[in-house]
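Colleague: Sequence:
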Amino acid sequence: MAVAEEQNVRAEVVLYMKTPPDRATLETIVSLLEDPVEDLVRKDSKFKELGLNPEEYIGNPQAVIDLLVERKALMQRPVLVRSNKAIIGRPKGRIAEFLG
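Numbering-wise, our numbering puts 139 at position 96 of the sequence shown, and it's gapless, one number per residue.
Any given hint might turn out to be false.
[Unchecked claim] Here are the simulated lysine-lysine pairs, DSBU-like style, with alpha carbons at most 30 Å apart:
#: 1; residue 1: LYS115; residue 2: LYS135
#: 2; residue 1: LYS115; residue 2: LYS86
#: 3; residue 1: LYS135; residue 2: LYS91
#: 4; residue 1: LYS61; residue 2: LYS91
#: 5; residue 1: LYS89; residue 2: LYS61
#: 6; residue 1: LYS135; residue 2: LYS61
#: 7; residue 1: LYS89; residue 2: LYS135
#: 8; residue 1: LYS86; residue 2: LYS135
#: 9; residue 1: LYS115; residue 2: LYS89
#: 10; residue 1: LYS86; residue 2: LYS61
#: 11; residue 1: LYS115; residue 2: LYS61
#: 12; residue 1: LYS86; residue 2: LYS128
#: 13; residue 1: LYS128; residue 2: LYS61
#: 14; residue 1: LYS89; residue 2: LYS128
#: 15; residue 1: LYS115; residue 2: LYS128
#: 16; residue 1: LYS115; residue 2: LYS91
For the record, the hints were derived by calculation from the structure and aren't laboratory data.
Work out the full structure, taking the sequences as your base and the hints as a guide.
Modeller: This is the structure in structure tokens:
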């Protein structure tokens, strides 16, 4: 949000843990995503605890969507959507570039 304010860009922040994206929203994000779809999934300790295989999500939008509908905490963030494009805002420098 700070990057958007610095660039005088109006932004809507959606707190995904309080208001998780539904299947239709995830489908839209995936269709607009300029990053590999598997990058939407956090491969952290929770991912490993669940015994998930990262290979199952490579180039597999349906598997990513199914997982994120069930396990919202595994969604990588921030996700930025603007016009007909979406990116994952990591590293942070990508945010300024995307909004610029």
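Colleague: Evaluate each hint against the coordinates.
Modeller: Verification of the hints:
no.: 1; hint: LYS115 <-> LYS135; verdict: 21 Å, holds
no.: 2; hint: LYS115 <-> LYS86; verdict: 13 Å, holds
no.: 3; hint: LYS135 <-> LYS91; verdict: 25 Å, holds
no.: 4; hint: LYS61 <-> LYS91; verdict: 24 Å, holds
no.: 5; hint: LYS89 <-> LYS61; verdict: 19 Å, holds
no.: 6; hint: LYS135 <-> LYS61; verdict: 23 Å, holds
no.: 7; hint: LYS89 <-> LYS135; verdict: 23 Å, holds
no.: 8; hint: LYS86 <-> LYS135; verdict: 18 Å, holds
no.: 9; hint: LYS115 <-> LYS89; verdict: 11 Å, holds
no.: 10; hint: LYS86 <-> LYS61; verdict: 21 Å, holds
no.: 11; hint: LYS115 <-> LYS61; verdict: 10 Å, holds
no.: 12; hint: LYS86 <-> LYS128; verdict: 23 Å, holds
no.: 13; hint: LYS128 <-> LYS61; verdict: 24 Å, holds
no.: 14; hint: LYS89 <-> LYS128; verdict: 29 Å, holds
no.: 15; hint: LYS115 <-> LYS128; verdict: 21 Å, holds
no.: 16; hint: LYS115 <-> LYS91; verdict: 15 Å, holds
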